[in-house]
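**Student:** Okay, here's what each chain looks like letter by letter:
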Amino acid sequence: MKDGTMSMDVDVGLIWLETHQMIKFTSSIKWEKSQKIMSNKFRLSSGGQINRTERISFKFNGKTFYGFKGDTLASALLANGVHLIGRSFKYHRPRGIFSSGAEETNALVQVIKDKGKTDPNIRATQIEIFEGFNAESQNCWPTVNFDLGAINNLFSPIIPAGFYYKTFMWPANLWGGYEHFIRKAAGLGKSPTENDPDIYDHKYYHCDVLIVGSGPAGLSAAKVAVKTGKKILLVDERPSFGGNLAFADEELSKINDLKPSEWIEETCTELQNNKNIKILNRTSVAAYHNYNYLIMMQNLSDHLSEKEKKGKIRQRLWKVRAKKVILATGSIERPMVFDCNDRPGIMLSSAVRKYINYYGVKCGNNVVIFTSNDDAYETAISLHNKGVKIEAIVDIREQSSGDLPKKCNELGIKILWKNTIIYTEGYKKINNVHVMKLSNNNSCIIGNKFKINCDLLCVSGGYTPAVHLFTQSGGKLTFNEGKYYFQPKTTSPNQISVGSCNGTFGLKKIIEETQTKTNEFLNLNHNDQSNITESKSGNFENIWLLPSDKVSGKTKPFVDYQNDTTANDIKLALREGYKSIEHVKRYTTTGMATDQGKIGNMHALGIVSEITNTKMGELGTTTFRPPYTPLTFGAVVGRNVKQFFDIVRKTPIHEWHEKNGAKFEDVGQWKRAWYYPNKNETMYEAVQRESKAARNGAGILDASTLGKIDIQGSDASEFLNRVYTNAWSKLAIGKCRYGLMLNDDGMVYDDGVTTRLGDNHYIMTTTTGGAASVMSKLEDFLQTEWPELNVYLTSVTDHFATVSVCGSHSKKILEKVVKNINFSNQNFPHMSFKEGLVDKIKCRVMRISFTGELSYEINVQSNYGQVVWEKCMEAGKEFKITPYGTEAMHLLRAEKGFIIAGQETDGTITPVDLQMDWIISKKKYDFIGKRSLYRSDTMRENRKQLVGLLTNDPKEILEEGAQIVEEVKSKPPMDMIGHVTSSYYSPNLNKSIALAVVKNGKKLKGKKLFVPMSDKTIEVTVSDTVFLDKEGDRLNA
Amino acid sequence: MRNKYSIFSLIKNSFTYHENWQRAWKDPEPKSFYDVVIVGGGGHGLATAYYLAKEHNLINIAVVEKGWIGGGNTGRNTTIIRSNYLWDASAGLYDHALKIWENLSQELNYNVMFSQRGVMNLAHNQHDVRELKRRTHANRLNGIDCLWLDTKQVKEFCPIINCSPNIRYPVMGSTLQKRAGTARHDAVAWGYARAADSMGVDIIQNCEVKGIKRKGDSIEGLETTKGFIKTSKIGVAAAGHSSVIANMAGLKLPIESKPLQALVSEPIKPIIDTVVMSNAVHAYVSQSDKGELVIGAGTDAYISYTQKGTHEIVEGTLNAILELYPIFSRLRMLRQWGGVVDICPDASPIISKTSIKGLYFNCGWGTGGFKATPGSGHLFAHTIAKNEPHGLNAAFNINRFVSGDLVDEHGAAAVAH
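Top line first, the protein sequences correspond to chains R and E.
Using numbering that gives the first Met the number 0, you'd call the opening residue of the first sequence number 0 and step up by one each time.
Using numbering that gives the first Met the number 0, you'd call the opening residue of the second sequence number 0 and step up by one each time.
Hints are computed from structural coordinates only; laboratory data are not their basis.
Think of the CB as a built atom: it goes at the ideal place given N, C-alpha and C, for glycine as much as any other residue.
Accuracy of the hints is not assured; some may be wrong.
Derived DSSO-like pairs: lysine-lysine, alpha-carbon spacing no greater than 27 Å straight-line [unchecked claim]:
#1 K1015/R x K151/E
#2 K641/R x K268/E
#3 K132/E x K895/R
#4 K268/E x K112/R
#5 K65/E x K475/R
#6 K177/E x K1015/R
#7 K553/R x K3/E
#8 K225/E x K614/R
#9 K289/E x K112/R
#10 K641/R x K151/E
#11 K114/R x K154/E
#12 K670/R x K151/E
Restraint ranges, calculated between C-beta atoms of paired labels, are given here [said to hold, decoys possible]:
#13 G226/E x R939/R: 44 to 52 Å
#14 Q21/E x G616/R: 29 to 37 Å
#15 G226/E x P492/R: 32 to 40 Å
#16 S935/R x K212/E: 31 to 39 Å
#17 K277/R x Y304/E: 31 to 39 Å
#18 G616/R x K225/E: 16 to 24 Å
#19 S920/R x N398/E: 26 to 34 Å
#20 V401/E x V647/R: 43 to 51 Å
#21 N398/E x H201/R: 43 to 51 Å
Not close to chain E: a few residues of chain R, all C-beta gaps over 12 Å, as computed [claimed, not checked]:
#22 T63
#23 I278
#24 N364
#25 A391
#26 E680
#27 K923
Work the whole structure out from these sequences, hints included.
**Tutor:** Listed below in structure tokens is the structure:
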């Protein structure tokens, strides 16, 4: 009880701090405005690889700062002494810059350009500044200095991991309200609210060897690989090359007597002189798919000012297929997990080294280093040599046999062996650390606590190989018990890992191993002796969770900084039975932040392993999913950002339709002329006019979109027998026949007219939407079920234009247009075909009808389509030929009771249901779907069957899709016995007509049924499906 | 008795630094005999065990899971919950589930975060309009809430949708089911597990079924990696691996398994307050409470048991997303993953007895099983306990593939379920 109260006190203190800051903030506004440009007081006067001649001014949180070309936002802010960048996700704790690269978890900012060009969640450690750069802190309100969300800190004792599963359940209907506030509090940055003006691009690339990473391993591998003379691609996510070697201490290691940066420069120059290698910077491999297929994102202009980037592509997605892949992805430094290890001013040791050596920025003036290994000593030496005071090095080890600790000793740097940091102080910036001695077995702390004042704490918990891409490719890991990390074990023969991503550390070892392995991998024998000077490294010790002097419940040892997951949360999850590592992850959200656990995952695993007493190797890891770092949606989509990439198919006559004011509808990928409104005409009026004209005079329709499949081969007739429900063997050459195609389950799938052009030659038509799937289905059957048939299918949909002319005058029009065919009924009856000439254009004319009128279809090579159409229009002028669109066509066929596959049918309708029993051959041995037609349910008499419907009020038009009932109830549910499939006002019959499928419909003719709409009920009577010209006289009119 | 979760228990436990919370479920070793063994510790399996214990007075029940509970499609889906299905049988089934969802957090005393933020299904062509209106009418007459929105209303309800008539497939309207929404998928598995466990159900993780022992037409037990378990009733809820289990009993299921993918963006502040699905261009999106855009992609074109998919599917989906929501192009994909979905020829599930006495299957949910979890478990429990289907799942029997009495939901379900 008492402890609980005390911990509350601390948090009240934090709130006080926030308030205090607010007062300071308000009073400082004026001052800030006048003080326009801040000084670079943490920038060393020389050194580093930034371009000091190019000064850049930029804004952060409204204040203007300056930095240099080559700075990241992080390095430039640190140069100005700014550490506080953002607030954490849950507790809104102040957070600073933690790392120097892609693993950054704290320092996320909103980059601001304008509404359509703002980028949330950008890592300050990766984004390069340019003149005019502007960014803001996110997830805080009103400001990062004073953030009301920090009130959450006060409640932190009652909101541990998974608290939301345990509360917000009362009252039951209030979750929506709670959720509203939870959602507002959650999220990080803000989405753009307007369209993105930038351009994205794609590139496909094939190479012999892809090398990922340009550290000492990647560069060494490239040096060997270029000797093959084959096509090599080397990529690195950073703007410059060299990996972590690029910011190594200049004095401590040498390669062939060159300083690290000199060696990198020399190597890059040497590589660039080879024509067979392409080297890309700012290019991150996002995903590694099967068979060495890698997705990479290249940043081309995010580092440029608006002026410089004008007209340039923002990002390019590379799709690379590599014969061989060399992974040299390096390793990521780990933090240390102890109470309050998250304050601004606590940074990874390697990052601090990078800032001082590469950017010439000191991250603090009084530094404590906290380490478990020798690598942090290099940071200490770099800092010391550049005049930064090292207050102490706190090392959890008993001692080290390495050279660097010895050197630090010589430099007079205080080393506290076998000590640990147990706590840090400072709200928005660290100001001291609490240190205690570790017991022999590291399980607890002993002796007296003492404080060391500092403004920077560098932490180093060792390195974890970056095996993300390796495991994405299917590689298996093994846990290295001595070194506390997972490393590659087995993978495909066309891939190797080299350098620290393979668990190899130490410059000499990395370079030598890489040379040997690359030679072996590429079947070479090229050895380039390098003379490497480096410091001998000592042992490494590891403690996943450092001991504390407090009850663990009172501590906040962060594991996942961004999501505010502490070691206590992990313990709570385990205590509550969430034992699988995946459960721990999902319950505590550790590893689910935007860094996807790059910083904290190993500690989470380590803590679980310790508490559950399970070996790390048996525990396994959570799955590394692509992408390695977040991948811009725009880059994934490339040039198609502005519009969905699906081809627009236009008929050869499209231009004419456009010119004549047609409205179009999308049918599959096609644009089809829907109707042709005259001036001021509504769609309804246009369709009525077109339908009337087609029946009473002459109509013309562009039917080019219907699928056309050319079928040839000695078994073509047998093939059709198996594909369609009716018989085809006896169809005479020159005749056409309508066919229905079924699914395996006996349901209608597609329909169309097929014409026999020769002994072994047919042309099949399909529905517009079904063309592609019918073609692939038929190919599928041919190749897998009936390989014995000698049949060849060719899709010729795009090869022909089809002009359909109908109406009583159609014969006269055709006679004018196609001069060499005798159009007499005797010579050219319904359902037959003739070849003819339109001037010199060869054409196929079919006398078939979907409107019930006398009707001809002229098929010509597609590029003549428009000419033939225009000739028909010209010839039809005297008969007032009227172009009609798909809507009128649908109306006309409905008057005749003809079905549209996909409208009257929906995958549940058999030919018998359509009252088309006549089309099922009883004699044929088999056809697709035959067996299913004889199943108990398909044979059922009271299935839904196609009927006609007439509304009692002939003016009332039913809505397509409306449901039909026998009995209207005062409220739902009501028994639905069917639905309206097609419905129109027929101008030729002067009444409303509809087709419907109705349960037991065949027996209901004359019966009254009801269509209950939301506002009224419509009475209907079941009728025949054929509303007009039952005898079919008009076909020969 | 298990402690109840509430704000008061959170406060109370804060004084002891949360060190006294009970386990949400035990992790027992299997006993040698159970009355019923459920194979598959996903939402469906755990819910089945829960309702067997709660409503059918069966206590001696085990759920065996080859990995960790909720690790299959329960933890991989895009958490959409709706019941606006076309056919009576489906509407009955999914609305039964939706009604249970509405009180599930309270029933389980575990907040599953069921968020009734509405689900829209967009129409992009005349055919879509006709089919979606048909569904709206059917829903209305089945007593299921469903509205039809025209393009203007679509824009009002979800302003970030690109309703320009000049895009490749313009938005021509939409259905809207307001009672529909999303839930927290992991919580569903954990909540059912905790509630079932507290009634005595044994939840056995890391226990893979290796064989089914039969005696004639009856079940004798299961061979597992944790030894033989004797039982006379086995309920299988193994999603993508249902066919594998069926094969062990000598059964063949009419199921194809394919990888289905999904992805999330980095978290952002609220930008979309509903769930929008589009079958025609194949893109659906919602925003998690954490702020990530949750985007469903399609299935790979071929059959496979791999839980990852190809890049090209993701590209196609994002392409459609960026046409409908062009403001999203600067957002970034944080994570992509896949799950193995079990698809029946009619896109409807199987909750059924089989020709083997004591062997029951709950599978074939394809791309849309999450939404049905509570209803599915409830009805499957009934079917197992009574050895006959509940009225609401009678239509989803396995014999329909012989008789032809299918519940064809391809129109309503397609891939985006």
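**Student:** Work down the list of hints and note, for each, if the structure agrees.
**Tutor:** Hints versus structure:
A threshold of 27 Å between alpha carbons decides the hint, and for K1015/R with K151/E the separation of about 24 Å falls inside it, so the pair holds. Under the criterion of a C-alpha separation no larger than 27 Å, the hint pairing K641/R with K268/E is consistent with the structure, at around 24 Å. Taking the CA atoms of K132/E and K895/R, the gap is about 25 Å. The hint holds against a cut of 27 Å. A distance of roughly 18 Å separates the Cα atoms of K268/E and K112/R; the hinted pair therefore holds under the 27 Å criterion.
Straight-line distance between C-alpha atoms of K65/E and K475/R comes to about 20 Å, which keeps the hinted pair within the 27 Å bound. A threshold of 27 Å between alpha carbons decides the hint, and for K177/E with K1015/R the separation of about 23 Å falls inside it, so the pair holds. A hinted pair counts as satisfied when its Cα atoms are at most 27 Å apart, and K553/R with K3/E qualifies at roughly 24 Å. Distance check on the hinted pair: K225/E and K614/R sit about 20 Å apart at the alpha-carbon level, within 27 Å; holds.
Between K289/E and K112/R the alpha-carbon distance is near 25 Å, which keeps this suggested pair within the 27 Å criterion. A hinted pair counts as satisfied when its Cα atoms are at most 27 Å apart, and K641/R with K151/E qualifies at roughly 22 Å. Pair hint K114/R plus K154/E holds up; C-alpha atoms about 20 Å apart against a cutoff of 27 Å. The suggested pairing of K670/R with K151/E holds, with an alpha-carbon distance near 23 Å, which does not exceed 27 Å.
G226/E and R939/R have their C-beta atoms about 48 Å apart, which keeps the hinted 44 to 52 Å range intact. Between Q21/E and G616/R, the C-beta spacing of about 30 Å keeps the proposed range 29 to 37 Å intact. At about 39 Å, the CB distance of G226/E to P492/R agrees with the hint of 32 to 40 Å. The hinted range of 31 to 39 Å is satisfied by S935/R and K212/E, whose Cβ atoms lie roughly 33 Å apart.
Checked against the hint of 31 to 39 Å, the C-beta distance between K277/R and Y304/E comes to roughly 37 Å, which is consistent with it. For G616/R paired with K225/E, a C-beta distance near 21 Å keeps the hint of 16 to 24 Å intact. Distance hint for S920/R and N398/E: a CB-CB separation of about 29 Å, consistent with the stated range 26 to 34 Å. Taking 43 to 51 Å as the suggested C-beta distance range, the pair V401/E and V647/R conforms, at roughly 44 Å.
For N398/E and H201/R, the hinted distance range of 43 to 51 Å is satisfied, since their beta carbons lie about 50 Å from each other. The non-interface label for T63/R is consistent with chain E: the shortest C-beta to C-beta separation is roughly 25 Å, beyond 12 Å. The beta carbon of I278/R sits about 24 Å from the closest Cβ of chain E, which is more than 12 Å, so the claim that it is off the interface holds. Interface exclusion of N364/R from chain E stands, the closest Cβ pair being 35 Å apart, more than 12 Å.
With a least CB separation of 31 Å from chain E, A391/R remains clear of the 12 Å interface cut-off, as annotated. Distance check on E680/R: its Cβ is at least 19 Å (rounded) from any Cβ of chain E, clearing the 12 Å threshold; non-interface status holds. The non-interface label for K923/R is consistent with chain E: the shortest C-beta to C-beta separation is roughly 20 Å, beyond 12 Å.
Of the hints listed earlier, there is not a single one the structure fails to meet.
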